[in-house]
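Take these sequences, add in the hints, and give me the full structure.
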Amino acid sequence: MIRNYLVSALRNLKKTFAFSLINVLGLALGVTACLLILHYVRFEKSFDRYHPNNERIYRVRYERHSNNGTSVRFASCSPPAANLLKERLPEIEKIARIVRYKATVLSGAIKFPEERMYFAENDFLKIYAVNMIEGNPETVISNANTAIISQSTANKYFPGENPIGKQF
Numbered sequence: 001m002i003r004n005y006l007v008s009a010l011r012n013l014k015k016t017f018a019f020s021l022i023n024v025l026g027l028a029l030g031v032t033a034c035l036l037i038l039h040y041v042r043f044e045k046s047f048d049r050y051h052p053n054n055e056r057i058y059r060v061r062y063e064r065h066s067n068n069g070t071s072v073r074f075a076s077c078s079p080p081a082a083n084l085l086k087e088r089l090p091e092i093e094k095i096a097r098i099v100r101y102k103a104t105v106l107s108g109a110i111k112f113p114e115e116r117m118y119f120a121e122n123d124f125l126k127i128y129a130v131n132m133i134e135g136n137p138e139t140v141i142s143n144a145n146t147a148i149i150s151q152s153t154a155n156k157y158f159p160g161e162n163p164i165g166k167q168f
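Take the sequence shown: its position 57, counting from 1, is numbered 57 in the working numbering, and each next residue is one higher.
What the hints contain is simulated information worked out from the structure, not anything from laboratory work. Accuracy of the hints is not assured; some may be wrong.
[As the list claims (entries may be wrong)] With beta-carbon atoms standing in for the labels, derived distance ranges: (1) GLU55 to THR104: 36 to 42 angstroms; (2) PHE47 to LYS15: 47 to 53 angstroms; (3) GLN151 to LEU29: 48 to 54 angstroms.
[As the list claims (entries may be wrong)] Straight line, CA to CA, 20 angstroms or less: simulated EDC-like cross-link-like pairs of lysine to aspartate or glutamate: (4) LYS166 to GLU134; (5) LYS86 to ASP123; (6) LYS94 to GLU55; (7) LYS111 to GLU161; (8) LYS86 to GLU121; (9) LYS94 to GLU138.
Virtual Cβ for every residue (Gly too), placed ideally from N, Cα, C.
Written out as structure tokens, the structure reads:
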């Protein structure tokens with residue numbers, strides 16, 4: 001019985017080969033496009049899902065076009081832009097700018113090259129969830145010359161010591 005159906009289907013495919021090919025290729029292309037779009041959307045929506053109120057966090061992107069037609073895009077803006085955005089858009093509750101920096105950290109007599117060091121504004125910890133082992137999240141970056149470091153960084157700079165109040 002199944003053999004008869006397969007033979008009949010093959011005869012029909014041979015008879016209308018071009019039409020069948022167009023239908024099969026169209027179906028394959030449509031399913032592929034759908035899967036790629038779903039994968040892209042899932043990827044884009046996967047960032048920073050661990051933060052509370054993540055649906056209310058937005059990132060500003062800067063795009064600059066040159067005279068020769070090339071464009072440069074990066075997640076940054078000029079410092080006065082934050083104040084202007086908050087002034088013109090009353091729905092913005094908090095703004096925190098973050099600057100990435102590459103530096104050499106001196107702890108005692110040992111130098112540590114750091115590729116990813118960040119400077120942040122006061123509202124950073126009110127927007128993003130950072131689990132702190134020690135210290136007060138309300139005041140930790142409101143004072144000048146203070147830092148938040150990870151447990152592994154604390155062990156690297158101050159092995160076997162409590163890093164609170166230490167200088168580096």
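Hints, one by one, checked against the model:
Distance hint check: the CB atoms of GLU55 and THR104 are about 39 angstroms apart, consistent with the given range 36 to 42 angstroms. For PHE47 paired with LYS15, a C-beta distance near 52 angstroms keeps the hint of 47 to 53 angstroms intact. Distance hint for GLN151 and LEU29: a CB-CB separation of about 50 angstroms, consistent with the stated range 48 to 54 angstroms. For the suggested pair LYS166 and GLU134, the alpha carbons sit about 13 angstroms apart, so the restraint of at most 20 angstroms is met.
Between LYS86 and ASP123, the direct Cα distance comes to roughly 13 angstroms. Compliance with the 20 angstroms bound is thereby established for this hinted pair. Under the criterion of a C-alpha separation no larger than 20 angstroms, the hint pairing LYS94 with GLU55 is consistent with the structure, at around 14 angstroms. Of the supplied pair hints, the one linking LYS111 and GLU161 holds, its CA atoms being roughly 18 angstroms apart against a limit of 20 angstroms. Restraint check for LYS86 and GLU121: satisfied, since their Cα atoms lie roughly 15 angstroms apart, inside the 20 angstroms limit.
Note on LYS94 and GLU138: the hinted pairing holds, with a Cα-Cα distance of about 14 angstroms set against a maximum of 20 angstroms.
Checked against the numbered hints given earlier, this structure breaks none of them.
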